[in-house]
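J.: Protein chains in written order, with the numbering used here: chain A, 1 to 357; chain B, 1001 to 1554.
Calculated from the structure, these hints are not laboratory results. A virtual CB, placed ideally from N, CA and C, is assigned to each residue, including glycine. A few of these clues could be false.
As the list claims (entries may be wrong) - In silico EDC-like links for lysine to aspartate or glutamate, alpha-carbon gap of 16 Å or less:
(1) Lys1033/B <-> Asp184/A
(2) Lys1120/B <-> Glu100/A
(3) Lys256/A <-> Glu1054/B
(4) Lys347/A <-> Glu1226/B
(5) Lys1121/B <-> Glu100/A
(6) Lys347/A <-> Glu1340/B
(7) Lys1136/B <-> Asp184/A
Claimed, not checked - Just so you have them, the derived chain B footprint on chain A, three or more residues with Cβ under 8 Å:
(8) 84 to 93
(9) 201 to 210
(10) 223 to 232
(11) 278 to 288
(12) 328 to 336
Claimed, not checked - Quick partial rundown of chain A residues pointing at chain B, CB under 8 Å, derived from the structure:
(13) Gly57
(14) Pro66
(15) Glu102
(16) Asp118
(17) Leu120
(18) Lys123
(19) Ala124
(20) Ser168
(21) Thr169
(22) Glu192
(23) Thr314
(24) Asp315
(25) Ser322
(26) Gly353
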Amino acid sequence: MRNYKISRRNFLAVAGTLTAAAALTACGGSASSTVASSTASSSVASDSTPAAASGTGKVTVYMPSPAGLADKLAEGFTAKTGIEVEQFQGTTGEILARLEAEAANPVADVVILASWSDGLSMKADDKLESYTPENADLIVDGWLDDDSVLFGYSASAVGVIYNTTVFSTLDADWKDLGNAEYKDQLAIPDPEKSGACKDFVAGYVVKNGWDDFQAMADNGMTVPGANKAALEAVTTGEVGILVAGVDYNAYSSKNKGEPLDIYYPAGGTIVNPRPAMILKTAPNMDNAKAFVDYLFSDEAQQLVANAYLLPGRTDIKCDKRSNLEDIPQITPDWDKMMAEASDDAAKINQICGASNG
Amino acid sequence: MKQTNRKANLPLLLLAVVLIFLIVCPVGMIFAKAVMQNGRLDFSPAVQTLLNPENAHMIGNSLLLGVLVVLLSTLIAAPLAYLFSRTKFARYRVFDILFMIPFMTPPYIASMGWILFMQKKGLLQQLIPAAAGCEKIFFTLGGLVLVMSLHVFPFMLTMLKNAMLNIPSSLEEAGAVFGAGFSARMRKIFLPLLSGNYAIGALLVFVKTLSEYGTPSTLGKRIGFEVFTTEIHRHATVAPIDFGSSATLSSVLVGICLCMWMLQNYITTRKSYNLVSGKGARRVEQSMGKGATVAAWAYTVLVLLIAVGVPYFSVISTSLINLRGYGLAPGNFTIAHYVELFTENEKGLSALKNSVFLAVTSATICAVLGTLLVLAVRKSHSKLRKVVEAIGLLPEMLPGIVLVIGIMLFWNQIYNILPLYNTMGIMVLAYVVLFLPYTVQYVTSSFTQISDSLMAAGQVFGGSPVYILRRITLPLIRQGIATGWMMTFIIAFRELVTASLIAPPNTLVVSTFIVREFEQGSVSVGMAMAVLCVLFSTTALLILNTVIDHRKVH
Chain A
1 MRNYKISRRN
11 FLAVAGTLTA
21 AAALTACGGS
31 ASSTVASSTA
41 SSSVASDSTP
51 AAASGTGKVT
61 VYMPSPAGLA
71 DKLAEGFTAK
81 TGIEVEQFQG
91 TTGEILARLE
101 AEAANPVADV
111 VILASWSDGL
121 SMKADDKLES
131 YTPENADLIV
141 DGWLDDDSVL
151 FGYSASAVGV
161 IYNTTVFSTL
171 DADWKDLGNA
181 EYKDQLAIPD
191 PEKSGACKDF
201 VAGYVVKNGW
211 DDFQAMADNG
221 MTVPGANKAA
231 LEAVTTGEVG
241 ILVAGVDYNA
251 YSSKNKGEPL
261 DIYYPAGGTI
271 VNPRPAMILK
281 TAPNMDNAKA
291 FVDYLFSDEA
301 QQLVANAYLL
311 PGRTDIKCDK
321 RSNLEDIPQI
331 TPDWDKMMAE
341 ASDDAAKINQ
351 ICGASNG
Chain B
1001 MKQTNRKANL
1011 PLLLLAVVLI
1021 FLIVCPVGMI
1031 FAKAVMQNGR
1041 LDFSPAVQTL
1051 LNPENAHMIG
1061 NSLLLGVLVV
1071 LLSTLIAAPL
1081 AYLFSRTKFA
1091 RYRVFDILFM
1101 IPFMTPPYIA
1111 SMGWILFMQK
1121 KGLLQQLIPA
1131 AAGCEKIFFT
1141 LGGLVLVMSL
1151 HVFPFMLTML
1161 KNAMLNIPSS
1171 LEEAGAVFGA
1181 GFSARMRKIF
1191 LPLLSGNYAI
1201 GALLVFVKTL
1211 SEYGTPSTLG
1221 KRIGFEVFTT
1231 EIHRHATVAP
1241 IDFGSSATLS
1251 SVLVGICLCM
1261 WMLQNYITTR
1271 KSYNLVSGKG
1281 ARRVEQSMGK
1291 GATVAAWAYT
1301 VLVLLIAVGV
1311 PYFSVISTSL
1321 INLRGYGLAP
1331 GNFTIAHYVE
1341 LFTENEKGLS
1351 ALKNSVFLAV
1361 TSATICAVLG
1371 TLLVLAVRKS
1381 HSKLRKVVEA
1391 IGLLPEMLPG
1401 IVLVIGIMLF
1411 WNQIYNILPL
1421 YNTMGIMVLA
1431 YVVLFLPYTV
1441 QYVTSSFTQI
1451 SDSLMAAGQV
1461 FGGSPVYILR
1471 RITLPLIRQG
1481 IATGWMMTFI
1491 IAFRELVTAS
1501 LIAPPNTLVV
1511 STFIVREFEQ
1521 GSVSVGMAMA
1531 VLCVLFSTTA
1541 LLILNTVIDH
1551 RKVH
């Protein structure tokens, strides 16, 4: 009997805390417990910000890595124009999924993606607004598409990243990486999670076929994960070489003092412009255009260079990484690459998985 | 008679409406994507997706993984549950929380910890060079099962322990009087009494394993072990985005889980023993010899060492290492990453605040809603009750991403009526929907042991329904509600998939903060945050536990 009484008190104490907490959280609480009654809807509406309202002093930008750059761009833009930036940072996949889920109630104004081909497929879906940004004449040739809907404000390239405690120097071409001396020392980012890697694989396969990648797979190449997870495997020395690793990550780690180095093999790489895009459905269209203008300003382009990315303007040079003219390139045939990129990415996973498993 | 029946059904109907709005509508939205093409009903793409021969292989993998994880987590949890409910070990309440740590650890962090520890030139091989080659043993299906079991065994442990606490010692003593030895008593008395609750625990672990994404996408991917959930994620987040295919594929998962649930129901109804009734029940500590005590301690320490020690050794050392490329080397340690968390910018702190808010709110709402649901379901005798219960469990059977996308589709559709999307409110709502099943399961489990005669007694003595609920029912299921609250708190605190899709702009929670650091910043800073989070949730739960215990004493 005694036991019973105590447990009741005990329960009441817990219940009391719970109710208090529930009462504190007005919006969540009312949403889930009173949704059945229509009278509650007004109270819900009053404490949520109307995301679709236009003409307010904000712009909503969805952008991928690097986070530091995204934050600085947002800060710089706000300082210059007074327009607040609401950002959603995520991987390309998360951004695309979010856009799709919001189709009935568009929220985003500007979308930035990490690979040109992802931009091209947005364009193919006819979702993008055409605009000519300020300083358009200074943009690297080809980084502004013919319809002026993709704005390549920065770019990355993939190269070979290697751990200097495993290989003191390295300059093997892509096709040499299938050689026995690199057995079980190779990794590649998952091309289904890394747009830059995916576009490179497509570009390389369009030009040279599958032999070299097959040789690397037979050499025990692993797929540790997206860009950063793959770089991890090389940083910690699990493998010595990252094939098709994104360059800006490597430069930033190297400058921190990690035992890493990067080079662009003579066989050429794909330089992948990172497109900013204005959505046709942008609730804050004018602010969106102002943001794209800002991306090509001196200040923003300098921020891009400081983040170890290639600037989108020809007149901005970087001193902490290879400049565009020093990178051997494969001339991209985007149409052909687009057509097979997804299948190629899946195939990389398949041939590397098969050799591991 | 009819009148009372209808009365009893009214709360159930209300709940059904709420659940349909919260769960069925979003799920319906995403499934509509699978079968509606250009506004017309068309099942052919869905059928095509389902008939893809690769699916069978991946479903096979998922099922195999599920079964193996259930088996291994049972092996880990069962002895612990016995020790910590029936012997003097039950007094060491601190272990209740310590055994929760593996579950508090986000799956992607735990598997990263294991990978960093076991990989070639990993931490283990840096400490013990002779361990070279161990990666060949670890990076296999066995390693994957081990890591996943270590993550989910707390579910099994709490479920079994709560059930064992309610078995009166008199039953065992009766067996002893009739000459049954320890193993005979276990076999004939103890285990049969538990089978109903075990079925619930096994279902929970099985379903959790099937819909888990974090570990298969990191460790599973490494060993080329593709499961169904990774495929579902692929359709939802790899261009071309195709929510329809995700939904179609997850319907297979839901089908499997529903079958398992019905099997569990069958077992639980047949093997329910009303152990908590009007008769006084007492628990006598099983006495232990010196040898048994030593063995018990050894086992407890071993489990903690593997489940908590290994991953946290990796996580903590990574958070303290200055340059990752030089590994565990003298002079290569720093606390700068922790300092950075608080000084660099306010993001880390605000992420922590958001997560605490979400965890407390959603756990609380879940506890209230889930308990109401179970109460209403148990009161009613209409056919509706099984449907309502199934809806309440549906979120657990679907991979999180499918439900989250459904919620996003639905709430964007009705944005003009209820502008909840892109506020913290939508996050709370999503978490409540996702985690409701935990409360339902824990409360159901504690109900299976309560005899109806107790409520009947209350009625006989003229207690009003409210009085009976307040004085009899709730106190008896208190433990289940509290455990459900705690589980929801933990899982909401560290949830990743939901937060990474549905979080409003400029809003980070701890999990998204950690992943952003992994992807774009410093792994070490991410790990530092992970360490702080586990310290935080462990301390919070310890305090909570102490408060509850303290009240019990007085």
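J.: Compare the structure with each hint and give your call.
T.: Hints, verified against the model:
1. Distance restraint check for Lys1033/B and Asp184/A: the Cα-Cα separation of roughly 43 Å exceeds the 16 Å cut-off, and the hinted pair is therefore not satisfied.
2. Taking the CA atoms of Lys1120/B and Glu100/A, the gap is about 40 Å. The hint is violated against a cut of 16 Å.
3. Restraint check for Lys256/A and Glu1054/B: not satisfied, since their Cα atoms lie roughly 44 Å apart, outside the 16 Å limit.
4. Distance check on the hinted pair: Lys347/A and Glu1226/B sit about 14 Å apart at the alpha-carbon level, within 16 Å; holds.
5. The suggested pairing of Lys1121/B with Glu100/A is violated, with an alpha-carbon distance near 42 Å, which exceeds 16 Å.
6. Restraint check: the Cα-Cα separation between Lys347/A and Glu1340/B comes to about 41 Å, which exceeds 16 Å; the hinted pair is violated.
7. Restraint check for Lys1136/B and Asp184/A: satisfied, since their Cα atoms lie roughly 13 Å apart, inside the 16 Å limit.
8. Note: the stretch 84 to 93 of chain A has 8 residues with beta-carbon separation from chain B under 8 Å; the three-residue rule is met and the coverage holds.
9. Counting residues of the stretch 201 to 210 of chain A whose beta carbon lies closer than 8 Å to any beta carbon of chain B gives 0, which falls below the threshold of three, so the coverage claim is violated.
10. By the rule of at least three residues with a Cβ nearer than 8 Å to a Cβ of chain B, the coverage given for the stretch 223 to 232 of chain A holds, with 8 such residues.
11. For the stretch 278 to 288 of chain A, the assignment as covered by chain B is violated, since 0 residues bring a beta-carbon within under 8 Å of that chain's beta-carbons and 3 are needed.
12. For a cut-off of 8 Å, the count of residues in the stretch 328 to 336 of chain A with a CB near a CB of chain B stands at 0, and the three-residue condition is violated.
13. Interface restraint check for Gly57/A: the shortest CB-CB distance to chain B comes to about 15 Å, outside 8 Å, so the restraint is violated.
14. Taking 8 Å as the C-beta contact cut-off toward chain B, the hint placing Pro66/A at the interface holds, the least distance being around 5 Å.
15. Taking 8 Å as the C-beta contact cut-off toward chain B, the hint placing Glu102/A at the interface holds, the least distance being around 5 Å.
16. Hint on Asp118/A holds. Least Cβ distance to chain B is approximately 6 Å, under the 8 Å limit.
17. Against a cut-off of 8 Å between C-beta atoms, the interface hint on Leu120/A is violated, since the closest Cβ of chain B lies about 10 Å away.
18. Taking 8 Å as the C-beta cut-off, the interface hint given for Lys123/A is violated, the closest approach to chain B being about 13 Å.
19. Nearest Cβ of chain B to the Cβ of Ala124/A: about 10 Å, over the 8 Å cut. The hint is violated.
20. Using the Cβ-Cβ criterion of 8 Å, the hint placing Ser168/A at the interface with chain B is not satisfied: the shortest such distance is roughly 14 Å.
21. Restraint check, Thr169/A versus chain B: the minimum CB separation of about 16 Å is more than 8 Å; hint violated.
22. For Glu192/A, the shortest C-beta to C-beta distance to chain B is roughly 5 Å, which falls under 8 Å, so the interface hint holds.
23. A hinted interface residue such as Thr314/A counts as satisfied when its beta carbon comes closer than 8 Å to some beta carbon of chain B; here the least separation is about 27 Å, so the hint is violated.
24. The beta carbon of Asp315/A comes no nearer than 27 Å to any beta carbon in chain B, farther than 8 Å, and the hint placing it at the interface is violated.
25. The closest approach between the C-beta of Ser322/A and any C-beta of chain B is roughly 21 Å, which is over the 8 Å cut-off, so the hint fails.
26. Using the Cβ-Cβ criterion of 8 Å, the hint placing Gly353/A at the interface with chain B is satisfied: the shortest such distance is roughly 4 Å.
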